[in-house]
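K.L.:
If you want the building blocks of each chain, they are given just below.
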Amino acid sequence: MATLTTRRSASRVPAPPAWLTGAGALVALLGLLPIAYLLILAAGSDESAIALALRDRTLGVLARTLVLAATVTTASVLVALPLAWLTTRSDLPGRRWWGVLSVLPLVVPSYVGGYAVVAAFGPRGTLQSLLEPLGITRLPELYGFPGAALALTLFSFPYIVLSVRGALLRLDPAYEEVSRSLGRGPWRTFWTVTIPQLRPAIAAGALLVALYSLADFGAVSLLQFDSFTRAIYVQYRASFDPTLAAVLALMLVTCTGGVLLAESRLRGRARYDRAGAGAARPPATVSLGAWRWLALAFCSVVVGLSVVMPVGTIAFWLIRGVSAGEPLNLVWDATLNSVLASALAAVLAVLASIPVAVLAVRHRNWVGVLIERATYAGFALPGIVIGLAFVFVAARFLPAIYQTLPLLLLAYLVRFAPEAVGVTRASLLQVSPRIEEVARTLGRRPGAVLREVTLPIIRPGLIAGGALVFLTAMKELPTTILLAPTGFDTLAVRIWSATSEGFFARAAAPALLMVIVAAFSLTVVLRRERDR
Amino acid sequence: MTATVERPSVTMPQMSDPSDAPQLAFRTLALTKRFGDVTAVDGVDLDVRRGEFLAVLGPSGCGKTTLLRLVAGFERPDGGGIEVGGRVVAGPRRHLPPEERRIGMVFQESALFPHLDVAGNIGFGLARRDRQRRIAELVALVGLAGLQRRMPHELSGGQQQRVALARALAPHPALILLDEPFSSLDATLRSQLRGDVREILRSAGATTLFVTHDQGEALEISDRVAVMRAGRIEQVSTPDELYLRPVNRFVAGFVGEANLLPGEVRHGEVQTLVGRFRAGHGALADGVRAEVLLRPEQLHMLQVDRLSSAPRPESVLTVVRRVFHGSEVHHVLRSPTGFEFEVATPSSATIEVGTRVIAHARAREVPVYPLDAE
Ligand SMILES: Nc1ncnc2c1ncn2[C@@H]1O[C@H](COP(=O)(O)OP(=O)(O)OP(=O)(O)O)[C@@H](O)[C@H]1O
Ligand SMILES: [Mg+2]
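Taken in sequence, the protein lines are chains A and P.
Note that the first sequence covers residues 1 to 532 in the numbering used here.
Note that the second sequence covers residues 1 to 374 in the numbering used here.
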């Protein structure tokens, strides 16, 4: 299949129908709207935007943000790599369970994770109350960098676990066997043969973690670390002049764009993991021997911190809240709102992904490539930036839809379309163009081919993409707090308003529901990983 | 006939005869397609009679797939035109989309719709009206009765290709295009399926354009074969004509095993290592260098030891290698000047390596190709 798609290059692409290009262009333009508006804002400021950007305070924010992202990414790789390997290639006892547990942290939104970190390790937190009898009354300072780095690492490393594990499973064991037969021991083979083949997967996962930590708003705010997102939010709240916020946002976008570019450079030189589609021989399992106690301890610590701790914290505060008479009934309306908004966002994002992916895969001329790239711009746009841009645009030009559900959904669409495009595109690449051509010879127009052949074939991919968008939209905080209609409280908004004011008990019930709904959609996303 | 001169396509005269026009299912005229600098299809004239099975045979990259894609409507020609069933489907100012051409297509990969079962695949191109009846008919025709409810991944490679063929035949297309449909199958299955497919197409009365780079396949099942090279059609003939009288050295070498023995024309005859052959029509003047086509089975050997008189030394050959082909053995002979060619004998009459022999041709009228003509 791979050779097929690469051979039909350049001029063998048929011209796309006009409606397809139109739909794709619309999605792309929507994706470019936020940046365009922020640029206009920044350009129109009294003080020069460059001077604003070069102020000491701004440069400090820049440095802090980059250091945080680098630390979180490195730490995540160090945690994820052994986990991925242990859960795919070793005889770790309970391997499958550890495998599930190691991606579960993905259902914990960063602001819930941040809240759990504060509740567990903060002043007057669980750990301290446990240590108090031993005479320890002061813990190292948690707020600021250490807490933010810890929280972000704990809840984003699974992105790397997922991508590396996928690569490990697809890896052709023949390479390692050849290396062993040429006289290299298992350890040298691992470093010289396995790791180099994993590099693209590590890069892809690290990209997601880096983007996650650059864009995160919830954890850094709760842990009071002044990175870009928090600075932007504070700036926006503090003054009516949007210029500085816009400049900060553009600087943040430059960072995320730079990370994206760096990763695509790395990936450009990568190739397919397995030579043919041939029978997927499962790689040999490595026996850990006595090391398995160390491995078990490692897994336990990671899972303890990233799964047990947040769930335990939520449960602790939930019980405490209920026993103190905290009302539970209020949560249901927020759950409903969350599910409604996320489900609509998922449907919209998947629908929007179809023309973009079809243009990029089947009609790969410059228009198709341009549209695809423009849509991917959304990846570089943190939620706070998109939210802010839509607030400004709506307040200025479309006051009628300011603070309505459609505007929120539009912002979600820009934020999450890239995720959906990624999955749709990958599914589409697995469908041979010959299948669509056969349908044409059997009397179907391009639109009918899409409806009757292509979409039904890639339906599992569309569902997985939708579930992914649903999951992330559920967790999305900054876009939601900036754009949710008044009175339209989602779980994210509830948790945020409770935790940011220190009402941990009140945050527990929505956090629990959030985690449950998110876990459910994660299983849908992961089912696809297994099917491949 | 010797020294065949390049002729236009055999059926050309019929095209101008109106009474035969309805007989013609398909034709191309000066069809041309370029990709940048590469002219993938270069002025191709082809025609196929109704019910005929025509193979397009050529080496990899000669433009076979491009030709089929032009006919099917997936590519726009840069020149020339295409007629299907008397209707112009592509030409200057006209380009019918694939869905309006009434052409069935079968690819190398079966390209079955993975989300539809066998019946769903076969019925895809059918109108609702007598869909069920036609599906049943075709399932029986391709010998898959009882498998209607199977999904594509539950079928073997050969079964998948049968379904793909049934799917293409179902809407009664004016023309069926097959692009190397057997090449993804293993050898035994391939030769069995190729016979079956031919039979199915014959009983369906389908007109077929079949593309392959496997000459055995083309010769075995086609009514006529068009040999293609670098975008051009070199010859269109029946399989035996093609084998016995290829129009040039390329076709000779591509179809079957060919010995091209060099020689010089003298008195209207070409003198070679293995004897003299008529230079045909007296077209070749004395002194012209030429090559004579002799198939391995047209030659036979005599052992020098057993000859009554000593042969001329320059015609004594040595057996340097033997290649076993089952019923036949091919002997590679080397002349004193180092020229090598092959002679076939029945396996029972093989001669040891190292034996000195002389070779003779059984035929005297064989194709002759002047060396400076090409
Ligand atoms: N989209 C394209 N862009 C550029 N060149 C192309 C394209 N498609 C085909 N070609 C070129 O046109 C020529 C003919 O290609 P085609 O695929 O028709 O060959 P083929 O005879 O079917 O070969 P094979 O037996 O390998 O399938 C080749 O030189 C090929 O490289
Ligand atoms: Mg081909």
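Bear in mind the hints are in silico, worked out from the structure with no lab data behind them.
Backbone N, C-alpha and C define an ideal beta-carbon position, used for all residues, glycine too.
Do not take every clue at face value.
On the chain A side, residues computed to face chain P include the following (Cβ under 7 Å) [what the hints assert, rightly or not]:
| no. | residue |
| --- | --- |
| 1 | S45 |
| 2 | L429 |
| 3 | E437 |
| 4 | T441 |
| 5 | L455 |
| 6 | I457 |
K.L.:
Going back to the hint list, which numbers does this structure go against?
P.N.:
1, 2 and 5
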